[in-house]
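Visitor: So the chains spell out like this:
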Amino acid sequence: MLSPLILGIAVFNGLMTGAVYALVALGLTLIYGVLHIINFAHGALLSAALFAAFFAHQKLGLDPYAAALLLAPAFFAVGYALQRFIIGPAARGDERNMLLVTLGLAVLIENALLYAFHADTRTVDLPYSFKTLDLGFVFLAVPRVISFVAVFAVAFALWAIMALTDTGKAIRAVAKEKLGAELAGIDVAHVYAMTFGLGTACVAIAACLLVPTYYVNPGAGNAFVLIAFTVVVLGGMGSVPGALIGGLVIGVVESLGGFLLGESLGQVGIFLIFIVVLLLRPRGLFGASA
Amino acid sequence: MKGPLLIAAVVAALASVPLFVHSNVVFNFLVVTLLIALTGQGWNIIGGYGGQYSFGHAAFFGTGAYVTAILQMRYGLNAWMGFVAGIAAGAAVGAIIGGLAFRAGLRSSYFALVTLAFAEVLRILASVAPITGAGVGILIKLDPRPQSFQFQSRAVFYLVILALVAASLAIAQMLQRSRFGAWLIAVRENEDAARALGVDATAVKLGAMVISAAITAAAGCFYAQYFLFVDAGIAYGPWISIEALLTPIIGGAGTVFGPLVGALAVKSLGEGAKLWTGDVPGLDLMIYGALLVIVVAFAPAGLVGTLANVRERAARRLRAPRKGRAEAARG
Amino acid sequence: MAEPLLSVERVSRRFGGLLAVDAASLSAPAGRITALIGPNGAGKTTLFAIISGFLKPSAGHIRYGGEDVTGEPAHRLARRGIARTFQIVQPFGGISVRDNILVGAYLRHAARADALGVAETVGREVGLGDLLDRPAHTLTVAGRKRLELARALATAPQLLLLDEVLAGLNPAEIRDIVPVIRALCARGIAVVMIEHVMQAVMSLSEHVFVLAEGRIIAEGSPAQVVADAGVVEAYLGRGAAARIGATHVH
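Those sequence lines, one after another, are chains A, B and C.
The first sequence begins at 1397 in this note's numbering and counts up by one.
The second sequence begins at 57 in this note's numbering and counts up by one.
The third sequence begins at 18 in this note's numbering and counts up by one.
If you are wondering where the hints come from, they were derived from the structure by calculation, not from laboratory data.
All C-beta atoms in this analysis are idealised placements derived from N, C-alpha and C, irrespective of residue type, glycine included.
Misleading hints may appear alongside valid ones.
Partial list, computed: chain B residues near chain C (C-beta under 10 Å) [said to hold, decoys possible]:
#1 W239
#2 T333
#3 D335
Here are the simulated lysine to any residue pairs, SDA-like style, with alpha carbons at most 20 Å apart [to be verified]:
#4 C:K73 / B:A160
#5 B:K330 / A:A1512
#6 B:K197 / B:N134
#7 A:K1565 / A:A1546
Extracted from the complex, chain A is given alone in its bound form (with noise of 0.2 Å):
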């Protein structure tokens, strides 16, 4: 039963699955990374994502990986303005206020979500969603080699965005030393919203692709989220190579666990990992010490 060429086809399933764990977990990281601060909300923005993706297709008639360019900036600016106007002055810097407002804002979405649209669950039906890919020992769904290769482009832009544009640089100055950023003029505030826009936005993109083979409803985003606080805590906090290595990780042993132990089983097991991690090296594997 326990073929090499079954466990192969978990381990790819996990890779893949992985790989948009790792993309939730890379927006999640980077606010981390720069303004400190764990994001609670990320599972609710994730779930109004996939609300967005799912009506973008219903009413627009719009493919979801072309829903992704528009999503993504629109996100984006929802991400830029939460922080700025919301989150930043309503926690004044408090580390346990922010705790509380991210929360708070976490179940305000999640819930209105299920005011406005119902606990019912719904999916996208697309021509591809089942079509699969032949590589000769193991047959791979076409959304979810896209997401694969989607979320390391994504990843690579962001890099090209931190090394190369103006902005990327004020992120990283503003990461590395608050004061001296400030005092070089840099607009602290405007970069902890632009920060907090490019996580959102990347949590749009992993939205647009999931939808072609996941389902969508309140609830949707945090399960998916604290898999993703795992997938943080176990690369790094802060730590984009992190984010991305445990997102696989996390993936892969996801899907053996899942199809060793039944899926339940599958995800204590997960979240022990992340228990254990917190408890023994908080830091993680690449991330800098907490």
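Using the hints, position chains B and C against chain A.
Guide: Leaving out everything else, chains B and C in the frame of chain A:
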């Protein structure tokens, strides 16, 4: 009015409610409100006084609920013994989670994350384990006799939960005046400074966590007795973790009456919203989320805390209307 | 001669590749004021953190009251009688001045009434008598420094580590707080102070240790140390001693 006297007055006033009120609907509202107040007072001990924000207090609520339900239904234990056992179990879970988290030196966001994770793990395990009834949950047999910790009259349930809340108010009051409480607050304000003054911060946080867990577990046990049904989503679900922290934050974290005031405010708002728009799911929690952001932004000390600050500032202004410049400069 | 109350024996502390403290040794007798000076970044606060139990040394020993206390945690050392103030003041901002000092007093007095009495007394001693009911976050810098001192004193210490307690104070405020510090020695407390305000170092301390780049480079009376060429160069750079014409004491 001095603390203990105020508690007695408030409790007496609330205890007299059954004399005027006979509607089951109102009693149901009050029972649930006091239940949430009790849960919140539990959170208040570690979160409000201790400053350690747990995002997974459902772990203790659910343990209390499940342990008492399981002991009664699977082992035939008496309901009151089950109640005590549930509290003890909740306290034990608090000791484990607190022990692991605090010994590892987890603070702030990391502490919130790890408590969230523990609650989730418990929820998933409870949803698949046979002993908790897996996906179906556990039904406690209806047996409305006092020996079974069930009562014919809602009014009696109300008085019981009121007694539990009163006990929790007393615990908070005693904490505030005690050395342990002073240490706990010092750890909240500045853990390193507290350590330098001889406070064993890890032991203090752990002690507070155990007390906090016990109080919240008691609420869970009561929930089981009142609603007679427990499942993973109810016992260990995020809803209770959120309400546990919402009521003290809105009412006033680190105050004796904060959770009670917060529960009254929050539940009243929730009911009001439901009456206004019909019982659409999500509306009440939406309001709670918005309320949390608004309170943190504009009144971080909560209702009780802000009131106390305003009174204190007014009192100081009355005491010393014009300060000499030299005096003001000295300190 | 009796063993000094505090004896730091060749203590080192490494952070990854950086040797912040390098085989530093110093001693502080009871009832005297000992100063620890040195240029910025020398490792003075790190050494304090090690002595007070916030950091473990990578090598070396700390002897206090005749016992080896190396590696004991901060709260245990506080119970033994080692108290410290912080370079960046750390008040318990949200509670009153009295309640701040109360936390220190509770170390030796379990009963609230006793502890409150001690808090009141100590508060007056450092000059915060009129401000006891104010929230700590409303104090000025000078007030907060006094509060740091009061909190530490309320623990009835035998060894008091003062980390730049005079920094940020104007001359009048320094003039006011110096007698308070002097009075501590009269009570038999050993005081070790990190200080940059040279007038205070010269007038207050009886013995001075100089730390530069993690190493003790000189010790002696204030006059001796100030004239030491190595010390001058540590502060002012190479060749400064020759330019100033300082004499090498060793």
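Visitor: Please go over all the hints and tell whether each is borne out by the structure.
Guide: Comparing the hints with the structure gives:
1. Because the beta carbon of B:W239 sits about 7 Å from the nearest beta carbon in chain C, less than 10 Å, this interface hint is met.
2. Because the beta carbon of B:T333 sits about 39 Å from the nearest beta carbon in chain C, more than 10 Å, this interface hint is broken.
3. For B:D335, the interface hint is violated, the least distance from its beta-carbon to any beta-carbon of chain C being 40 Å, above 10 Å.
4. Under the criterion of a C-alpha separation no larger than 20 Å, the hint pairing C:K73 with B:A160 is consistent with the structure, at around 17 Å.
5. Using a Cα cut-off of 20 Å, the hinted pair B:K330 and A:A1512 holds, with the two alpha carbons roughly 15 Å apart.
6. At most 20 Å may separate the alpha-carbon atoms for a hinted pair to count; B:K197 and B:N134 meet this at roughly 12 Å.
7. Taken as a hint, the A:K1565 and A:A1546 pair is broken in the structure, with Cα atoms around 24 Å apart against an allowance of 20 Å.
In the structure shown, a violation is registered for the earlier hints numbered 2, 3 and 7, in ascending order.
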